[in-house]
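Q: Sequence:
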Amino acid sequence: MSKQFEKVAATDPNSLPKNLEFPVVESKFLEKWANEKTYAYDENSTKPVYAIDTPPPTVSGSLHVGHIFSYTQTDILARYQRMNGKNVFYPMGWDDNGLPTERRVQNFFHIRCEANEPYVPGLDLPPILSVMTDKEIQEKRIPQKNLSRKNFIEHCHKLTVEDEKLFKKLWSHIGLSVDWNLEYATIDDHSRTIAQLSFLDLFNKKEMYQVEAPCVWDCDFQTAVAQAELEDKEIPGAFHDIEFQVEGGGSFTIATTRPELLAACVGVTTHPDDERYKHLIGKTAIAPLFNLQVPIFGSEIVNPEKGTGILMVCTFGDQTDVQWWREQKLGLRQIIGKDGRIQPVEFKDVVANENYAKIVGKNVKQAQKLVVEMLQAAGVLKNPPKPISHAVKFYEKGDRPVEILTTRQWFVKLVDKREKLIKFGNQVKWHPEYMEARFKNWTENLSIDWCVSRQRFFGVSIPVWYPINTQGVIEYAKVLTPSREQLPVDPMSDVPAGYTESQRGQPGGFIGESDVFDTWFTSSLTPQLGSHWEVNPARHKKLFPMDLRPQSHEIIRTWAFYTIAKAMLHEEKIPWKHIAVSGWILDPDRKKMSKSKGNVVTPAQYIDEFGADAVRYWAGLARYGVDTAFDPSVMKNGRRLAMKIFNAGKFVLQNSAEAGEITEPLDLAFLAKLKQVCEDAVKSFENFEPAQSLMEVEKFFWSHYTDSYLELVKTRTWGEKASEQEKKVKASAVHALRLGLKTFLKLFAPVLPYTTEEVWSWAFTAESETIHHAKFGALSDFDGLTAGVPAVFDAAMAAQAAINQQKTLAKVSIARPIVLLKMKAHPETAEHFKQAQSDVCGATKTEKLELIADTNLEKNQFVIESVEFGPDAKTGQM
RNA sequence: UGGCUCGUAGCUCAGUUGGUUAGAGCGCUUCCUUGACAUGGAAGAGGUCGCAGAUUCGAGUUCUGUCGAGCCAACCA
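So the first sequence is numbered by my numbering: it starts at 1 and just counts up by one.
FYI, nobody ran anything at the bench for these hints, they're computed from the structure.
If you're wondering where the values come from, they're calculated on a predicted model, not measured in any experiment.
Backbone N, C-alpha and C define an ideal beta-carbon position, used for all residues, glycine too.
Be careful, since some hints might not be right.
[Said to hold, decoys possible] Taking CB as the label site, the calculated pair distances span:
1. L123 - E212: 20 to 28 Å
2. N146 - S45: 50 to 58 Å
3. K573 - E679: 28 to 36 Å
4. G472 - G361: 50 to 58 Å
5. Q144 - K47: 49 to 57 Å
[Said to hold, decoys possible] Derived BS3-like pairs: lysine-lysine, alpha-carbon spacing no greater than 30 Å straight-line:
6. K429 - K86
7. K822 - K728
8. K592 - K393
9. K365 - K306
10. K306 - K329
11. K86 - K28
12. K714 - K32
13. K775 - K18
14. K577 - K86
15. K775 - K429
16. K775 - K32
17. K429 - K47
18. K37 - K205
19. K644 - K728
20. K348 - K358
21. K348 - K365
22. K417 - K329
23. K169 - K28
24. K417 - K542
25. K362 - K397
26. K362 - K393
27. K393 - K369
28. K397 - K382
29. K636 - K650
30. K205 - K365
31. K37 - K140
32. K37 - K47
33. K597 - K140
Required output: the full structure, derived from the provided sequences and hints.
A: Right, here's the structure in full:
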């Protein structure tokens with residue numbers, strides 16, 4: 001059976017709009033898509049599912065161009081898959097719990113959470129800036145209003161709901177084809193339930209534990225933080241050389257950057273082979289000012305080159321101190337409190353207590369100054385402090401270095417699973433491939449289990465209670481957990497089974513865990529949040545593992561890593577088959593955009609100026625994983641392309657002639673080339689290189705379709721034709737033009753959803769009501785298509801280009817037609833020219849084309865022998 | 001100190017497995033509006049592909065070294 005032509009019907013030319021008005025088109029289709037649920041995931045469909053694990057953006061302020069960039073890239077893939085016949089699961093979540101949100105809420109309302117504050121029902125504060133100016137707050141030093149935990153959380157909810165509305169508006173406007181029925185927030189009941197289920201599962205599998213141990217602590221936010229949330233900052237410091245005595249005689253000098261920790265000194269160590277100090281190992285050192293007797297021990301990891309080669313071990317100055325403290329079973333003297341100030345500690349020695357009293361209550365900086373003064377006065381500061389600049393660990397959102405404090409925290413066991421995690425990570429396909437190295441590198445170097453408890457308020461509660469024995473002591477080891485049916489629970493207001501509310505905090509009663517989870521504990525479950533893991537097993541089975549995780553590279557160590565870990569711990573599975581890592585948008589100086597640097601560019605003005613499609617074009621042109629400097633001129637180009645598509649569509653569709661069988665060699669040659677472009681575009685998308693597809697399609701559309709093919713066949717399609725032959729030739733071109741346009745629209749649709757939908761709506765709704773359900777990369781497949789000889793098209797283009805050049809060289813007005821064009825060409829090429837003769841003549845206003853076959857020329861080579869011009873059409877002058 | 005990435009036109013970027021004379025867009029210069037589009041069309045100037053070696057008939061592309069930039073980690077006494 002032969003394949004027939006696809007009929008593309010004519011359009012009423014009077015119905016075509018005159019100009020492309022982006023705001024009009026955008027609002028028109030936003031409404032249409034919403035009403036018709038164009039992007040809905042169909043739970044009952046038998047089509048194959050394509051599930052996307054969309055990153056839930058942090059709801060703390062505004063989106064910048066980098067967000068638009070990466071989310072649009074994902075949307076382009078989603079649209080491709082939808083047009084590829086997939087049932088696309090494309091949700092949007094809001095990551096609205098956690099510190100960034102709390103901080104925004106604190107500033108927005110000028111409030112802070114105070115645990116002892118009573119709850120005020122119905123409290124509804126206005127934004128602080130609607131009541132007073134920033135200046136007033138600062139000048140009058142108006143303190144933040146204290147709110148109860150419950151009131152504080154209520155205000156968090158209030159503000160995030162508003163922020164999310166704005167986000168949703170922008171996401172829709174930029175054309176994200178998410179199914180808004182799948183919207184969720186990481187603080188909503190569903191997310192809290194899944195996160196707490198995750199906890200119960202890990203707790204029952206004994207993969208979670210709580211322990212009172214040295215943990216990284218941020219004194220500003222007063223919470224524990226995880227290894228993954230730390231970053232180095234280079235800050236100034238100074239080496240202080242302090243003289244220690246040795247019991248039984250002698251002395252030595254240690255070097256430290258943290259003299260304020262002298263009172264927390266619990267040991268002294270040096271390299272066992274260091275000739276200067278090895279005789280001291282095993283003896284007892286006496287620290288000045290506080291008269292502390294501490295052991296001197298050897299350790300291979302001491303660097304003899306650094307400082308004086310001998311150093312004090314404190315509880316705790318850094319991670320190495322923790323290591324020595326554990327290995328040597330040293331004593332514990334915690335002098336820094338949770339608020340970052342020196343806390344009261346009792347010493348045996350009277351002088352020690354006197355000295356210590358001077359620094360109690362001071363912050364680290366003040367204490368350091370005082371201790372140095374005391375050391376100087378005591379004559380044990382051997383040299384003036386030597387200033388250095390050194391890297392110190394900070395919580396990524398904090399303003400001063402983290403401390404290490406002994407606190408009770410919940411952990412997930414991960415360090416013992418590094419190899420397995422790497423294997424699971426390897427089962428995921430990374431795009432680009434080299435990004436897997438970052439995951440592997442991080443996992444290999446993991447040294448602390450995942451601390452998931454946070455001493456914060458707006459988050460998912462750790463769903464446990466602890467019994468209080470009859471002596472009033474909290475029994476942390478006897479964890480009380482809720483049943484699955486109880487979830488989600490807030491242990492601060494809900495009661496464990498077998499107890500009543502009146503027993504809260506009483507001897508013989510219970511106490512609720514007040515800590516919440518690290519936000520990553522919840523956001524590492526985004527695939528499960530979408531699939532309704534444990535809550536709806538049938539749905540979970542259909543959606544999990546998901547197909548695609550899009551994300552940026554700086555959170556591979558957190559989000560990607562934790563998500564892989566969770567899927568592995570819960571179900572021994574990978575969370576998704578592919579992970580596509582997008583690059584960053586850098587400012588024009590190639591620096592990362594960040595609020596603190598003040599170089600953030602917001603997207604709204606660009607969407608207004610160039611249109612959403614143009615902004616999408618900019619995003620669609622970037623390859624995965626590559627950081628790109630922000631350059632709005634690319635958007636300008638996107639706008640040009642959208643305009644061109646619009647105008648080409650108008651040109652093609654304003655011709656209301658009947659389409660006929662495609663018979664002309666040039667028409668068939670064009671379609672043959674277009675088919676190749678379609679195949680390449682599909683290939684690029686399948687390789688996660690949508691930018692490649694866009695570049696090739698654009699190039700072919702612009703240079704081959706609009707600049708060449710349209711010009712070449714113009715004359716054929718103009719006016720009424722008298723003879724049957726002329727009619728047939730015209731109908732062929734009319735049909736090929738429409739088929740070409742339709743195919744291009746589909747190729748552009750993932751990147752330019754508005755413009756393509758607009759042009760599509762003029763003529764092609766018979767195939768599909770919306771272009772976004774049409775088949776991507778599909779060109780009408782009929783028998784004649786294979787007969788197309790691409791070389792005919794190349795020859796015609798070459799001739800057109802050559803004649804354009806001639807014209808320029810001869811400085812001839814286009815108004816002067818060519819009477820006779822003589823060309824010499826390789827026999828095969830001459831044959832191609834002959835086939836495209838009428839079109840070449842039409843496009844170049846040539847009356848007669850004379851071809852001379854010449855075997856001396858190479859294939860595809862030709863020479864213009866002579867050009868004879870006729871008189872100017874207007875003036876009649878030669 | 002280690003791992004990864006990048007270095008191509010004034011700017012932003014392409015350049016598949018090595019293969020004619022290294023590409024696009026923007027910007028710049030010149031020319032062209034009679035039937036979609038001046039938000040357009042045609043042409044032009046502009047590059048020793050960071051540097052130095054090696055492999056090869058042939059290297060922007062592979063390898064080694066080196067310089068520079070960025071990211072991730074280690075170190076932080």
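Q: Please write out, lowest number first, the hints stated earlier that are contradicted by the structure.
A: Those not satisfied are hints 1, 4, 12, 18, 28, 30, 31.
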